[in-house]
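Engineer: Line order of the protein sequences matches chains R and D.
Following my numbering, the numbering of the first sequence begins with 1 at its first residue and continues without gaps.
Following my numbering, the numbering of the second sequence begins with 1 at its first residue and continues without gaps.
FYI, nobody ran anything at the bench for these hints, they're computed from the structure.
Treat the hints with care, since some could be wrong.
DMTMM-like cross-link-like pairs, simulated, lysine to aspartate or glutamate; straight-line CA separation at most 25 Å [unchecked claim]: (1) D:LYS305 to D:ASP381; (2) D:LYS218 to R:ASP126; (3) R:LYS283 to R:ASP263; (4) D:LYS216 to D:GLU84; (5) D:LYS218 to R:ASP258; (6) D:LYS216 to R:GLU106; (7) D:LYS79 to R:GLU106; (8) D:LYS79 to R:GLU105; (9) D:LYS281 to R:GLU124; (10) D:LYS305 to D:ASP377; (11) D:LYS281 to D:GLU259; (12) D:LYS281 to R:ASP126; (13) D:LYS79 to D:ASP114; (14) D:LYS218 to R:GLU106; (15) D:LYS305 to D:GLU63; (16) D:LYS218 to R:GLU131; (17) R:LYS283 to D:GLU194; (18) D:LYS218 to R:GLU124; (19) R:LYS283 to D:ASP182; (20) D:LYS216 to R:GLU105; (21) D:LYS281 to D:GLU383; (22) D:LYS218 to D:GLU276; (23) D:LYS281 to R:GLU131; (24) D:LYS218 to D:ASP182; (25) D:LYS218 to R:GLU105; (26) D:LYS305 to D:GLU61; (27) D:LYS216 to R:ASP258; (28) D:LYS281 to D:ASP233; (29) D:LYS118 to D:GLU407; (30) D:LYS118 to D:GLU345.
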Amino acid sequence: MDTAFFFLFNGIVYGLLLFMLSSGLTLIFSMMGVLNFAHASFYMLGAYFAYQISTHIGFWPALIFAPLIVGCLGAVIERYGLRTVHRHGHVAELLFTFGLALLIEEIVILIWGRNPMPYSVPSELDFALFEIAGNSYSAYKIFMMLVSISMLLFLYGIIARTRIGMIIQAALTHPETVDTLGHNVSRVFMLVFGVGTGLAGLAGVIGGNAFVTEPGMARALGTIVFVVIIVGGLGSLTGAFVASLLLGVIQTTAVAVDVSLADLVATVGITTSAADANDLMHKTLSQVAPILPYLFMVLMLISRPRGLFGTRDA
Amino acid sequence: MNRHIRCTGILTALALVGAPTALTAAETVRLAYIDPLSGGFANVGNNGLAHLRFLADRLNEAEALPDGMTYEVVPFDNKVNASESLIALQRAIDQGIRIVVQGNGSSVAHALVDAISKHNRRNPGEEVIHLNYASIDPALTNESCSFWHFGFDAHVDIKVAAIAEHLANRPDVTDVYLINQDYSFGRAVAAAAEAFLPEARPDINIVGSDFHPLIKVKDFSPYVAKIQTAGTDAVVTGNWGNDMSLLIKAGREGGLEAEWFTFYVGLLGGVSAIGEAGVGKVKQISEWHANVPNAEMDEIVTSFKAQYPDFDWYYYRLGTMMDMLTQAINDTGSTDPEDIAFALEGMRVDTPIGEAWMRPEDHQLFQTLFLATLSNDVTHDVENSGIGFVTDERIELDDTILPTTCEMQRPS
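So here's chain R without its partners, still in its complex pose:
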């Protein structure tokens, strides 16, 4: 049972990291109606900036500055890139973000090279905090969890409780009306894009050293983030939150289950030949665990195209 708790905990931490990425993506989608393909690239930039800053002035300043730089960069890109392209419709925007993702990856390779960066967890947090069933739990994981949760509360506070939050909510659904009322909707868009990419940058700062900081990191996480927002429902923050946790937990707990299709049919009395361990029947759930999110997405699109909490069809 303790082990189960451990797996659950792991899943939640991973899920919260996913949420930091997907929250920005889903907000940007609901405002501009465009999927930002370059979103995970900002995650990567966050990690690289944090690494660079931490080699000079340490991890803690990097935790503040790297997301700010990424956010500002995002805002500038929205102001001078995306907004110009916006006039030419959604396809142009989509292509723009797609190109941006490739561009950022190449620039990162140009500056930092193809090899992983030695970006490591700060020594203050590099110890085991507690132990469950012989598995120790590092302080850094808990720190990641705390950062994600406080970010989440902060975001919720802004959107639900402040004036600017009200304007954002209104601009999401009725941009023309809000504009007519005298609010600068363009600036709200820029703000949301900046905050969204900044959040991705923050996820990069705390994820880059927990995992690996290398040029492929954006592509690796990019697909899974899309799965999250599609499962959660495009444009829905609550959906993104639930889907992040769900996918995080599914993916990590499935690893622990060594049950295959062959074992399943065996329980009802049909035995299959155990000749080839490589066939589909003998693949255990733990072997296919990393594929499950995609399976989940496909099933979701078939059964409920608008996702768990979505209001419009994908």
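Given the coordinates of chain R, work out where chain D should sit on it, guided by the hints.
Structural biologist: Chain D alone, transformed into the frame defined by chain R:
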């Protein structure tokens, strides 16, 4: 880097088109280097290319080949993809190149072995020889062996057998966990471990064996939890790239005390990504590492670093390979692949750290192996990380020899 290489490749190709026959065979021995030079594994392929160019330059300077002949390395990008490799092979053959050097990806090696035997059967007198410096699926020198293929790296079974020999004298290790990538190479590692470990020490328990999809897993902590719960003393893994770095980092985070027996931790990027997490815990089985004391190699390590600051000297076996090739050309006075192949069979050469032997029955190279552990107190570190290898055990050539099932078809 990439573009540079591609340009050089195109220029070389143009130069060859310009002067079709005049300057072939007699003056230049051209080596087609077929490996990933773009895409996700470009750094690995470019590293090998830098090694090969460095060696070719040195041998040319030393006038190691007879009759004023020189080596030239012609790179072809295969993106570690079997069908791209076949196209590259055809391009090389069209340019009249008859010596192919390839390393990464056992699937690529298998594809090339098949294509080359087919080509050689159909084009007598225009045979191609395949020098493989890094694909280590045991099948390549066992059931799928070919007269035209030579394997210069110890294959999976040889490496795992060496690990098993080491564990035979380590009564403190009883519970071993296997975790590998879910494809032919990872499966070969797991199969070898399941065969050799209990044979070396009957009291060793294999407490678990996991396969995970290749380069798909971000968070290895659930796997680590499984390893931990199984009460593991040592983990054997063939993982490379991020699959290895992430696994070992997750192990450190989960407070896993077990030792890691790996194949590829010294390969580009591995040590940087793992960092301090690996010190004292992570071992590698390989034919050499930079801290094997040897003045001749120290010089190579330093001048290679000076010439190619992005890379560290890693492929010791490429040096052995080029020495053997050079000796074969000198012995026979011919650059014909068939003559070279017969000369390589059974060849013994003295390398800086010991003898190497190309077994005639299966064209598998046998050489001294080293089991080494990551340490932060070393003369030569890897990738300026301050971390490098120290030798635990040196395994002599004679102790690495395994039987083969190869039934070689030789040209009559």
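Engineer: It remains to establish, for every hint, whether it holds in the given structure.
Structural biologist: Here's how the hints hold up against the structure:
1. D:LYS305 to D:ASP381: holds, 12 Å
2. D:LYS218 to R:ASP126: Distance ~20 Å between LYS218 of chain D and ASP126 of chain R Cα, so the pair holds.
3. R:LYS283 to R:ASP263: holds, 10 Å
4. D:LYS216 to D:GLU84: holds, 23 Å
5. D:LYS218 to R:ASP258: Roughly 19 Å separates the two Cα atoms, so the pair holds.
6. D:LYS216 to R:GLU106: This hinted pair holds, its Cα atoms lying about 22 Å apart.
7. D:LYS79 to R:GLU106: holds, 17 Å
8. D:LYS79 to R:GLU105: With a Cα-Cα distance of about 18 Å, the restraint between LYS79 of chain D and GLU105 of chain R holds, given a limit of 25 Å.
9. D:LYS281 to R:GLU124: holds, 22 Å
10. D:LYS305 to D:ASP377: The hint holds at about 20 Å.
11. D:LYS281 to D:GLU259: holds, 5 Å
12. D:LYS281 to R:ASP126: With Cα atoms ~17 Å apart, LYS281 of chain D and ASP126 of chain R stay inside 25 Å; holds.
13. D:LYS79 to D:ASP114: holds, 19 Å
14. D:LYS218 to R:GLU106: Holds - the C-alpha atoms of GLU106 of chain R and LYS218 of chain D are around 22 Å apart, at most 25 Å.
15. D:LYS305 to D:GLU63: holds, 23 Å
16. D:LYS218 to R:GLU131: holds, 22 Å
17. R:LYS283 to D:GLU194: holds, 19 Å
18. D:LYS218 to R:GLU124: Holds - the C-alpha atoms of GLU124 of chain R and LYS218 of chain D are around 24 Å apart, at most 25 Å.
19. R:LYS283 to D:ASP182: With Cα atoms ~10 Å apart, LYS283 of chain R and ASP182 of chain D stay inside 25 Å; holds.
20. D:LYS216 to R:GLU105: holds, 19 Å
21. D:LYS281 to D:GLU383: Roughly 19 Å separates the two Cα atoms, so the pair holds.
22. D:LYS218 to D:GLU276: Holds. LYS218 of chain D to GLU276 of chain D sits at ~20 Å (cutoff 25 Å).
23. D:LYS281 to R:GLU131: holds, 21 Å
24. D:LYS218 to D:ASP182: Holds. LYS218 of chain D to ASP182 of chain D sits at ~15 Å (cutoff 25 Å).
25. D:LYS218 to R:GLU105: holds, 19 Å
26. D:LYS305 to D:GLU61: Given that 25 Å is the threshold and the Cα spacing comes to 18 Å, the pair holds.
27. D:LYS216 to R:ASP258: holds, 18 Å
28. D:LYS281 to D:ASP233: The hint holds at about 11 Å.
29. D:LYS118 to D:GLU407: holds, 17 Å
30. D:LYS118 to D:GLU345: holds, 21 Å
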